[in-house]
Amino acid sequence: MDFNGIISSTKSYKIALVIAIALLLLLSSISYRQIINMRNSADLVSGSLLVDKEINNLFSKFSLIEASGYKSLIVNDSTFKDTYSVYKNEAETSFKQLAKLTQDIPEQRQYLDTINHWRDSLDISLNNINNYRGLLEEDVEDKLMAEVVKMASIFQKLASLKLGMSQKKDVLFRERINAYKTETFFTPFISLLLVLFSLTVFLLAFVKINNSRKELLSAQGFVDNIISNSNNLVNYFKPIIDENGKVIDFIFEYSNNKIEEITGIPTKQIIGTKLSKSFPITMTNGLFDMYVTCLNTGKVSQLTRPYIFKEEEVWLKSIVSKLEMGVNVTTIDVSQEKHASENLKKLNESLFLKNAILNNAEVVAKIGSFTSYPEMGVTDMSDNLYRLLGVKPGDFEPCLENLMTYVHPDDVQKFKKTFAKGISSKGITEVTYRIITKDKKRRYFKSTTLMIVENGTKKMVGVIQNITQSIKKDKKLEQKNKALKLINTELESFNRVASHDLQEPLRKIQMFISLLSETERNNFSEKGLAYLDKIDNSTERMQLLIKNLLTYSRIDNTLDGIQPIDLNNKMKKVKDNLSESIKESNITIVENNLPTINGIPFQIEQLFTNLISNAIKYKKLTEGAQIVIDATKVKPNQLPTPFNNTENAYYEIKISDNGIGFEQENAEKIFNIFERLHQKTEYSGTGIGLAICKKIVDNHHGYICATSKIGIGSTFYIYLPV
Amino acid sequence: MSLKILNILLADDDEDDRWLFQKALSDLKIKTNLSLFKNGKELMEHLIRTETTPHLIFLDLNMPLKNGMECLTEIRSSCNLKAIPVAIYSTSSSEKDIENTFVNGANIYINKPSNFADLKNAIDKVLQLNWQYHTSNLNKDNFLFRI
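Here the protein sequences come in this chain order: A and B.
Every letter in the first sequence is one number past the one before it in this note's numbering, and letter 494, counting from 1, is 494.
Every letter in the second sequence is one number past the one before it in this note's numbering, and letter 59, counting from 1, is 59.
These are calculated hints, taken from the structure and not from any lab test.
Everything numeric in this text was worked out from a predicted model, so none of it was measured.
Where hints are given, some of them may not hold.
[Said to hold, decoys possible] Every beta carbon over 12 Å from chain B, so not counted as near; a handful from chain A, in silico:
| id | residue |
| --- | --- |
| 1 | L24 |
| 2 | N116 |
| 3 | N211 |
| 4 | S218 |
| 5 | I251 |
| 6 | F419 |
| 7 | D501 |
| 8 | R554 |
| 9 | F662 |
[Claimed, not checked] List time: in silico DSS-like cross-link candidates among lysine-lysine, alpha-carbon distance up to 30 Å:
| id | chain 1 | residue 1 | chain 2 | residue 2 |
| --- | --- | --- | --- | --- |
| 10 | B | K96 | A | K482 |
| 11 | B | K96 | A | K570 |
| 12 | A | K570 | B | K125 |
| 13 | B | K66 | A | K575 |
| 14 | A | K143 | B | K41 |
| 15 | B | K125 | A | K547 |
| 16 | A | K547 | B | K31 |
| 17 | A | K573 | B | K125 |
| 18 | B | K125 | A | K508 |
| 19 | A | K570 | B | K140 |
| 20 | B | K140 | A | K508 |
| 21 | B | K41 | A | K573 |
| 22 | A | K583 | B | K41 |
| 23 | B | K96 | A | K485 |
| 24 | B | K120 | A | K527 |
| 25 | B | K38 | A | K575 |
| 26 | A | K573 | B | K120 |
| 27 | A | K575 | B | K140 |
| 28 | B | K38 | A | K547 |
[Unchecked claim] Quick partial rundown of chain A residues pointing at chain B, CB under 8 Å, derived from the structure:
| id | residue |
| --- | --- |
| 29 | E311 |
| 30 | Q503 |
| 31 | Q510 |
| 32 | S514 |
| 33 | Q543 |
By construction, the Cβ of each residue, glycine as well, lies at the ideal position given by its N, Cα and C atoms.
Bound-form chain A, shown alone (with noise of 0.2 Å):
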């Protein structure tokens, strides 16, 4: 849109305008002036003609009295002298109406002059003529006659001057008709000329306001639609002012639809209103103040504030100009910039924090840090790397050099190979080396360096750590577990000597034993027959001993093969197993809803054969004897409270005898290991069973305990992770 164009264009019009109405009014003269002329050009044409009707007029008269003058000489009429005088007074004042139209024709005026002198002659003449007809003496015929000759050589100049004075005339009208003639030609022509060429003029102003009044209404429309497409929010505002001629309030009299967009409230809602009604808020946070400076002083401000639109916190800035006699408000949304610049504030905030919070979790772990500009040469260094050098912070120039005084002569080579490679390299470089603080004591550092790039400077950020204790704790970790490989190694030999060397001499004594007894029977007295059994009975004891310590060490802390068991194809087993005395005892099992449990196998079977083999064992002497095996699901809430579960359901195995049962205050003390509730000689037994037990159950994650009444039966829980 050419705005220049128009504007321009607007001003050679009102140029063009002026001179068309200077046309206009020049040509208007010329034709008024050409009006005049035709008139005068016609009352000229008239006067001629009424000269030429007056000129016939006076000579009339002067025929009349010729004609008269005759008569009375003729007939002797005496009445001549009146008719005369009347013939004399109406040619005076034909004479005179003459004078005056002819008195700017010089010429007319000499014949004027002449008939004047040749008029008075005649009056002479006359009066002479009428005075010598009373007379009767002689030669008044004479006299008369000769009178008479001089009146009529008069009227024949009379009549000459007549002709004269007609040529004149005929002349002065000719030419007078020619100009009349020519003004009735150019009089209409010009006047149609000024007609046409007004049209034209005002048919060329009516063409260009037309136009200007398009591209201004298409410019005014341009206008608009950059306004109410605008990214900010356009409103015009009038003021409201009272009797004191105070500005109170300012009514919306234009808003674009941007602000629809910013506050929920439909544009056409908003024009018309009052601003204090509108928007409550801009009268007292500045905005309404600013409108009524701007209003004053006309001078250009803004104000950047917060409003609450749709229930979020939008930041507005106001630019606030005066327009003739109100304000224009143009009205951007920063919020995003507000809040980018609020975050930044929060960052930094947070960020001191932060540093607050480095500085000392540096002094609590006993690290320090620096930040390194290879390419600048320069280095900062945190205050806990000074303080880890046994130095006041700032005691030095934080630079390489320096601290390198500080690292230990044989590690400085190390120390200085690992900066260079980290200084190259892109990734993490780390290097233990020691240092000697200003006091003299030995420290191990760790450096952790890294390079980055920013911002194209390469800076190399690293943590130093003071990791003396923690070697120190290495190196003590290392001889502990040296000694526990030690210990294992032995443990390892002594399970070999117990597994096999230890058995296999007991082994071979039993079967010694058992080949005596069986091919030398007849050869023993009743005696060594009982000492034999003796020998046997205490050889096979030992023999179970060593088998239950061997299961119990085997036992680890592992639960490598753990695998789902379902208990009942397990409990089959060891019924199996256990068939022999479980057939001697007559003891029957019974085994309810039995799961599926994660264990390891041989374990799980060792445990039931344990507890179930313990059952067989403490029944009591009379008939009847049962176990009875049960299990469900249980919630963490429901386990016993000594137990420190972890998982979130537990299967509760429940093996209940009506054996011998036992003191209830010793529930806990059965499964220590060498614990035996009665005499070796009341019931065999090892005194290891039970902790076994326990060892597989705590290697399972889960949790054994007993409840007992002597003489009524013992009932041991399990508690297995699901």
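Starting from the known structure of chain A, arrange chain B on it as the hints suggest.
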């Protein structure tokens, strides 16, 4: 089967055990031809040398020079020997030993009994096993021989 003479090999470093095994075997009614070896090395050398394929090998695990496990692996990886039934005959009752020998292809695992009658009983039962049937139905549960 009982009419035939069974060729049986036993590798055991313990002299008493060899003697007891021989005695127990001779007490049985089954006709057998038993060859005894002091260690795995002797056994393997014999197996390579001999042309008669034994019906059954009893193998102790803890032996000097070449232990039972090494013998088992060699037997199972040899084309000529891999079909011979191998019975492990050991004092060890550790799960690890049982597991390893099972995985490596032994046919049965016998814990050395501590009673002479049991020993006789065990040898008798093992000798009368239908190896074809036992091997095709072999699993961890019937692998360990129970008296």
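Checked hints:
Look at L24/A: its CB is around 127 Å from the nearest CB on chain B, clear of 12 Å, so calling it non-interface holds up. Residue-level check passed: N116/A sits 180 Å from the nearest beta carbon of chain B, beyond 12 Å. Distance to chain B confirms N211/A as a non-interface residue, since its nearest Cβ pair spans about 106 Å, more than 12 Å. At the 12 Å boundary, the C-beta of S218/A stays outside the reach of chain B, the nearest C-beta of that chain being 96 Å off.
For I251/A, the shortest C-beta to C-beta distance to chain B comes to about 97 Å, beyond the 12 Å cut-off, and the non-interface label holds. A cut-off of 12 Å between C-beta atoms confirms that F419/A is not in contact with chain B; the least separation is 52 Å. Residue-level check failed: D501/A sits 9 Å from the nearest beta carbon of chain B, not beyond 12 Å. Listed as outside the interface, R554/A is inconsistent with that label: its C-beta sits roughly 7 Å from the nearest C-beta of chain B, within the 12 Å cut-off.
Interface exclusion of F662/A from chain B stands, the closest Cβ pair being 30 Å apart, more than 12 Å. The straight-line distance between the Cα atoms of K96/B and K482/A is roughly 26 Å, inside the 30 Å bound, and the hint therefore holds. Of the pairs offered as hints, the one joining K96/B and K570/A holds, with about 20 Å between alpha carbons and a cut-off of 30 Å not exceeded. With a C-alpha separation of about 26 Å, the suggested pairing of K570/A with K125/B holds against the 30 Å cut-off.
The hinted pair formed by K66/B and K575/A fails the criterion: a straight-line CA distance of about 39 Å is larger than 30 Å. With a C-alpha separation of about 221 Å, the suggested pairing of K143/A with K41/B is violated against the 30 Å cut-off. With a C-alpha separation of about 25 Å, the suggested pairing of K125/B with K547/A holds against the 30 Å cut-off. Taking the CA atoms of K547/A and K31/B, the gap is near 35 Å; set against the 30 Å cutoff, the hint is violated.
A C-alpha spacing of about 21 Å is found between K573/A and K125/B, which places the hinted pair at or below 30 Å, so the restraint holds. Restraint check: the Cα-Cα separation between K125/B and K508/A comes to about 22 Å, which is no more than 30 Å; the hinted pair holds. Annotation: proposed proximity of K570/A to K140/B holds, straight-line Cα distance about 13 Å (limit 30 Å). Between K140/B and K508/A, the direct Cα distance comes to roughly 28 Å. Compliance with the 30 Å bound is thereby established for this hinted pair.
Restraint check for K41/B and K573/A: not satisfied, since their Cα atoms lie roughly 38 Å apart, outside the 30 Å limit. Between K583/A and K41/B, the direct Cα distance comes to roughly 46 Å. Violation of the 30 Å bound is thereby established for this hinted pair. Between K96/B and K485/A the CA atoms are separated by roughly 21 Å; this keeps the pair inside 30 Å, and the hint holds. A distance of roughly 28 Å separates the Cα atoms of K120/B and K527/A; the hinted pair therefore holds under the 30 Å criterion.
Only pairs whose Cα atoms come within 30 Å are accepted, and K38/B paired with K575/A is rejected, the gap being roughly 39 Å. Of the pairs offered as hints, the one joining K573/A and K120/B holds, with about 25 Å between alpha carbons and a cut-off of 30 Å not exceeded. With a C-alpha separation of about 17 Å, the suggested pairing of K575/A with K140/B holds against the 30 Å cut-off. Proximity of K38/B to K547/A is assessed by CA-CA distance (about 27 Å); at most 30 Å being required, the pair is judged to hold.
With a cut of 8 Å, the hint placing E311/A at the interface with chain B is violated, because the nearest CB-to-CB distance is about 71 Å. Taken as an interface hint, Q503/A checks out: its beta carbon lies about 5 Å from the nearest beta carbon of chain B, inside 8 Å. Annotation: interface hint on Q510/A holds; nearest CB of chain B at approximately 4 Å, less than 8 Å. Given hint, S514/A at the interface with chain B, holds; its Cβ is 4 Å from that chain's nearest Cβ, closer than 8 Å.
With a cut of 8 Å, the hint placing Q543/A at the interface with chain B holds, because the nearest CB-to-CB distance is about 6 Å.
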